[in-house]
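**Student:** Here's the letter readout for the chains.
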Amino acid sequence: MPNDDARKGLSRRSLIAGAIGLTAATAGGGLLSGCSGSSSASSGTGAAGQAAPSVTLGPKLTTVQYPEGYVGPVARELKPISSEKVTFKIVVPQDVTIGDWRTNAFTKWLEQKTNIHIEWNQIGGTDDDIMTKVNAMIAAGDIPDAFMGIHFTRSQLFLYGQQGLFTDVDQYIGSYALNLQQAMKDYPDARKLVQAPDKKIYSFPNVNDCYHCRASNGRTFLNTDWIEQVGLDVPETTDEFVELLRAFKKADLGGNGRTIPFCGYKDAPLDTFFMNSFLYNPGDPWLVVNDGKVDVTFTKDEWREGLKFIHGMYAEGLINKDVFTADQDQMDRYGNAPGKPIIGGARSYYWGGFLDIDQKDPNARWRKYLAVPPLKGPNGVRYAAWNYLGVGVEVAKLVITKKCAKPELLVQWADAQMELEAILRGYGGPKFEWAKKGELGINGKQAVYGFSATWNTEKNITWSQDNTMYRSQDFRLAERVNPKDLTFEKPLYQQTVDNYFPYKQPQEMQFPPVTLDQDQAAQEAELKTNLKSEVSLSFSKFVTGQLDPNDDGAWNDFKDRVEKIGVKPYLDLQQAAYETYNG
Amino acid sequence: MSAAGTLPPDERRLGGGAPIQDTRGDKIALACIYTALGLFCLAILYPIVYVFSASVSNTKKVSAGEVWLWPVGFTLDAYKAIFDYDAIVSSFGNSVFYAVAGSCVATVLTLLAAYPLSRKGLPGKGLIMAAFVFTMMFSGGLIPTYLVVDQLGLLNTRWAMILPTAMAVWNVIITRTYFIVTIPEELVEAGKVDGCSDFGFFWRIVLPLSKPIIAVNLLFYAVGQWNSFFNALIYLTNEHLFPLQVILRQILIQSKVDPSQMQDTSKLLQMQELQQQLKYSLIVIGMIPPLLVYPFVQKHFVKGAMVGSLKG
Amino acid sequence: MTTSTEARSTVRSAAHKRTRTAKNAVGLGLRMRRNWQLYAMLALPLLWLAIFAYWPMYGVIIAFKDYNVVSGIWGSPWAGMKYFHRFVESYQFWRLIKNTVYLHVYELVATFPLPIILALCLNTIRKKWFSRASQLITYAPHFISTVVVVGLLVVLTSPNTGVTNKLLGLFGIGPQNLMGDSGMFRHLYVWSGAWQTMGFAAIIYLAALTSVPPELHEAAIVDGASRLRRMWHIDLPAIVPVAVILLILDIGRILSVGFEKVLLMQNSLNLDVAEVIDTYVYKIGLASSVPQFSYATAIGLFRSVIGLVLLVLANTFARRFARSSLW
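Residue numbers (our numbering), protein chains in the order written: chain A, 1 to 583; chain B, 1001 to 1312; chain C, 2001 to 2327.
Just so you know, these hints were derived from the structure itself, not from any lab. Do not take every clue at face value.
[What the hints assert, rightly or not] In silico lysine to any residue, SDA-like type, Cα no more than 25 angstroms apart, as pairs:
1. C:Lys-2128 / B:Leu-1291
2. C:Lys-2283 / B:Lys-1027
3. B:Lys-1267 / A:Ser-452
4. C:Lys-2127 / B:Thr-1165
5. B:Lys-1120 / C:Leu-2030
6. B:Lys-1211 / C:Arg-2126
7. B:Lys-1060 / C:Leu-2264
8. A:Lys-250 / C:Arg-2126
9. B:Lys-1211 / C:Gln-2176
10. C:Lys-2283 / C:Gly-2029
11. B:Lys-1120 / C:Gln-2176
12. B:Lys-1120 / C:Leu-2247
13. B:Lys-1267 / A:Val-497
14. A:Lys-249 / C:Asn-2165
15. A:Lys-250 / A:Thr-153
16. A:Lys-403 / C:Ile-2073
17. B:Lys-1061 / A:Asn-363
18. B:Lys-1267 / A:Lys-249
19. C:Lys-2128 / B:Leu-1039
20. B:Lys-1192 / C:Met-2081
21. C:Lys-2261 / B:Thr-1165
22. B:Lys-1027 / C:Lys-2128
23. B:Lys-1027 / C:Ala-2219
24. A:Lys-360 / B:Val-1072
25. C:Lys-2127 / B:Arg-1249
26. B:Lys-1027 / C:Val-2222
27. B:Lys-1267 / A:Glu-458
28. B:Lys-1267 / A:Gly-312
29. A:Lys-250 / C:Gln-2176
Kindly generate the complete structure, drawing on both the sequences and the hints.
**Tutor:** Structural data, given as structure tokens:
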């Protein structure tokens, strides 16, 4: 069981991890300025140099258990950030689960602890609606002290930051954000991921190291009961996979000819799983890095081989006919078919993507579906598209604007949310418990905390992950597992460790999250949209047989079309951005 | 206006005699019409019944596809859940307010604009019409309109929901056409001869004759307000002012977000369960008020409103 | 016996002659002063128009600039016709125009007559309870949100379990994936739209029909006219002016097609016919790294100009041949 290796490439597992436990405790207390008291933290302007923090962290809570080698947020006493009550205006997305931000349980708790009052401005609607409104606000000069939970892209952060609208928080981290400093030490690649091309950091970084998320884009499930019933094993190669599906079909395990050997729907792309048996393919926007050079996957011969393979399955009726048109509701209907299950497998992010998850029932249908490893293709290619860089460190959770008169206070406020108890309350609500010694977490080590079974369904108690937190991998895996109440987190984690991690592609091959400047963004907008349309369209046509992947003419026409749209300028653009990211 | 003027032509007796007989061709035509209408209504009723049924069915059965026409596993949980969310309840009230207030304001503006433009011989009428129509084709766009609303100090107020889209030129044009068709020129002349001023004529003669078009305007504007979410999204940041559609939109559409965008499966699961639970009941409460309102509007589609005025 | 329209038009042309000669005799200023009350009525709506429609129009400049929200409209640099060129030379330009126009015209031709026919039918049937009930039912689908309608379409056309495929099966045709069939997209879009909006659109015509004096029907019955003839000669002419106006307005919007429904109905198989201007603008505008306001505005302006030209043409045509027009 590759427990140690089971960490993704970002954190350094080594001896340092053990030492971190010590430094975290001493960083606050002993380091400088003799400020062990709770004097107003904002007055630390004297030693404003990077090395000298102006604030101190409170003492650790002693009752909390940590596993050995734990890297992550620790529980401390939170001290008020300001002696008089300070108010900041923050724009946030409206969310039915958060309820009224003003009366929200976490809001109240945090305010009471930090003495910082927030005036909330809520924006309703979908992500796109929210972005439209935010842009309108900026255009009108109607700017709050900060934006929280608004999904600015890196390019937007850079563009608006450069123009002075957003504050560079880097200058405050050293002095005021000790928890963040620690987090950035634990995750050394974090700086590269959050800094803009001008080396400034325009939003307060957020760490959400979700292990299983790294493989989610290509995850695929198969029904283990069915595999048993047809007397086969979990397939290792593409040929075995087809054998299995044929067996499903022949045995008609769903009854009445309703069996669907493999099921997909329009929002679950097939290429993220199947193509990785032919070449490394992370999915839309299909960019990879080969020896420092940015390239696309959809013009390659290997892609064509993959098309032939998938087309073969479709033509034999092994994939549902409406794989490109069914919507989520239709997919749910297939997955939840009453009586017996009718689908043998599905391409989905997690179980909830194709059926209802009943976490209380030990015999629930979802437990029969296993996330299977990628298949080995005819040329021995076998990748699990692993997301090293897009998962873990996030930008834009909290953006402080130029309008904020005291950014150092907001920085401390955000930093306070990186403390363990604040994280638990902000993310799970007030009904959490500290784990006792001996209780185990998802990764089988000592657990740190536990939630009640219904934490996910109550309203108005959390901030629904709209704020910055430090959820390291160890933290996430230290959630107590209740043997009587088996949630899906553990199996998801375990199956990712067992079946996807071993096949991950090297980190250098992944195209990182880059930042574009305004001109690049304008160019990219059109190229990316047109390329995506053409590639999706052609992919579905090749798979369904409207275009024949075996026909050289059709394939070359496709390559000509994407060439005409502008693959080359697109790649040039991304190459430039990639080099900026690295340089 | 005679009482007989309220009945369709064929239900009256000519000279008190026997009821009018349809020709054979007519009978066939009528039969066809009834059948076609009946089928069409059934075709429409099916999805409506489905939505109602799904809203009172067990959500697991709904997502398993077991609900086809009648409810399966009857339960009112979906409606009870609505009351758990304060946001939904208050937004319903807001929507009602905006619909009523908005449609009144808009109808007044529309009538004021449409009547003068329907009068022949008003100098500059063509020019003014063109000015109206031009705004249907050209618009400054989102940002400038937002800036204007901001500069007027309307941001985050109820007026922001009512004023920026108060008058739809389309409605003005329809209303104007109605006036042209139903207010003949000699009636205007008669009014002038009687010494009636334009205001007086409008108030005392035109408006009472215009019940159908007033009803249509009120209905269309109210429906427009009821269905709209855009103004709320753009101009409001106070969740106590949000209308129902904003919440609906968030729950129904947002949960269709691409899962790879939402990193955390726990949040994904939460959104999905929320959507499943509330989807149909929200749609139903979104549908009911307009349906309830319509019969009141229907009452005003009274025929023969012109009869008495001409004779007089 | 003359019909209402003929009666009205003779009256109208007589009045028209009077006013025309009257116009020539009296000066413009005097005429304007005589009508001051009408202008007073127009004052409020015109004020509204000036504030909420004309004042923001300066924003079309955005189409000619490299607009940046922080720099603002005046601070952003000029871009000239750059975005127009970009749109016209874009890979999908002709496809977008074709898809949008085709869809719009198909929708127009298919769904324009239907509310009229529906209104005429509802108006003519004897049993009022049936008419009232039908009106209410046919008006209801307008309020079912698009998300549900498209969801229902998916269910009904599902290759495995959908009703349509069961019907096709009766004719011996194997299960088809209708939603993924490019050829079917337009049909599905238009006819589901017709189903949804027919009843609501008929309301205007019903309102127009209330202006028909019952005596005309009575007189026609006495003359022995059948129901259908009465519909044709009496009811229909009452609707024509409204219908013509609506038609003109719709022609002006030929490059617009309902955005949300198309977006929901799009899938990777029908993109070649289902990508219209609005969905394209959405994808470029919002789904990109930095919102492309300039580009979106340029495309919008392009559409408006073309729409205006067509509108003016349609109006001139209507004025000459249908005697009902916008101006």
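**Student:** Each hint should be assessed against the structure and marked as holding or not.
**Tutor:** Hint check:
Distance hint between C:Lys-2128 and B:Leu-1291 is fulfilled; the C-alpha atoms sit about 19 angstroms from each other, no more than 25 angstroms. Under the criterion of a C-alpha separation no larger than 25 angstroms, the hint pairing C:Lys-2283 with B:Lys-1027 is inconsistent with the structure, at around 54 angstroms. Distance check on the hinted pair: B:Lys-1267 and A:Ser-452 sit about 16 angstroms apart at the alpha-carbon level, within 25 angstroms; holds. Under the criterion of a C-alpha separation no larger than 25 angstroms, the hint pairing C:Lys-2127 with B:Thr-1165 is inconsistent with the structure, at around 39 angstroms.
Pair hint B:Lys-1120 plus C:Leu-2030 holds up; C-alpha atoms about 16 angstroms apart against a cutoff of 25 angstroms. For the given pair, B:Lys-1211 sits about 23 angstroms from C:Arg-2126 by alpha-carbon distance, which is consistent with the 25 angstroms threshold. Distance hint between B:Lys-1060 and C:Leu-2264 is fulfilled; the C-alpha atoms sit about 24 angstroms from each other, no more than 25 angstroms. Distance restraint check for A:Lys-250 and C:Arg-2126: the Cα-Cα separation of roughly 60 angstroms exceeds the 25 angstroms cut-off, and the hinted pair is therefore not satisfied.
At roughly 50 angstroms between alpha-carbon atoms, B:Lys-1211 and C:Gln-2176 are farther apart than 25 angstroms, so this suggested pair is violated. The suggested pairing of C:Lys-2283 with C:Gly-2029 is violated, with an alpha-carbon distance near 53 angstroms, which exceeds 25 angstroms. Restraint check: the Cα-Cα separation between B:Lys-1120 and C:Gln-2176 comes to about 58 angstroms, which exceeds 25 angstroms; the hinted pair is violated. Annotation: proposed proximity of B:Lys-1120 to C:Leu-2247 holds, straight-line Cα distance about 22 angstroms (limit 25 angstroms).
Among the hinted pairs, B:Lys-1267 with A:Val-497 is consistent with the structure: their alpha-carbon atoms are about 22 angstroms apart, no more than 25 angstroms. For a cut-off of 25 angstroms, the pair hint linking A:Lys-249 to C:Asn-2165 stands: about 21 angstroms separates their Cα positions. The straight-line distance between the Cα atoms of A:Lys-250 and A:Thr-153 is roughly 48 angstroms, outside the 25 angstroms bound, and the hint therefore fails. Between A:Lys-403 and C:Ile-2073 the CA atoms are separated by roughly 20 angstroms; this keeps the pair inside 25 angstroms, and the hint holds.
Of the pairs offered as hints, the one joining B:Lys-1061 and A:Asn-363 holds, with about 18 angstroms between alpha carbons and a cut-off of 25 angstroms not exceeded. Between the alpha carbons of B:Lys-1267 and A:Lys-249 the distance comes to roughly 35 angstroms, so the proposed pair goes past 25 angstroms and is violated. The suggested pairing of C:Lys-2128 with B:Leu-1039 holds, with an alpha-carbon distance near 18 angstroms, which does not exceed 25 angstroms. Taking the CA atoms of B:Lys-1192 and C:Met-2081, the gap is about 55 angstroms. The hint is violated against a cut of 25 angstroms.
With a CA separation close to 22 angstroms, the supplied pair C:Lys-2261 and B:Thr-1165 stays within the 25 angstroms bound. Between B:Lys-1027 and C:Lys-2128 the alpha-carbon distance is near 17 angstroms, which keeps this suggested pair within the 25 angstroms criterion. A C-alpha spacing of about 20 angstroms is found between B:Lys-1027 and C:Ala-2219, which places the hinted pair at or below 25 angstroms, so the restraint holds. Among the hinted pairs, A:Lys-360 with B:Val-1072 is consistent with the structure: their alpha-carbon atoms are about 23 angstroms apart, no more than 25 angstroms.
Taking the CA atoms of C:Lys-2127 and B:Arg-1249, the gap is about 40 angstroms. The hint is violated against a cut of 25 angstroms. Taken as a hint, the B:Lys-1027 and C:Val-2222 pair is honoured in the structure, with Cα atoms around 17 angstroms apart against an allowance of 25 angstroms. Among the hinted pairs, B:Lys-1267 with A:Glu-458 is consistent with the structure: their alpha-carbon atoms are about 12 angstroms apart, no more than 25 angstroms. With a CA separation close to 37 angstroms, the supplied pair B:Lys-1267 and A:Gly-312 exceeds the 25 angstroms bound.
With a CA separation close to 22 angstroms, the supplied pair A:Lys-250 and C:Gln-2176 stays within the 25 angstroms bound.
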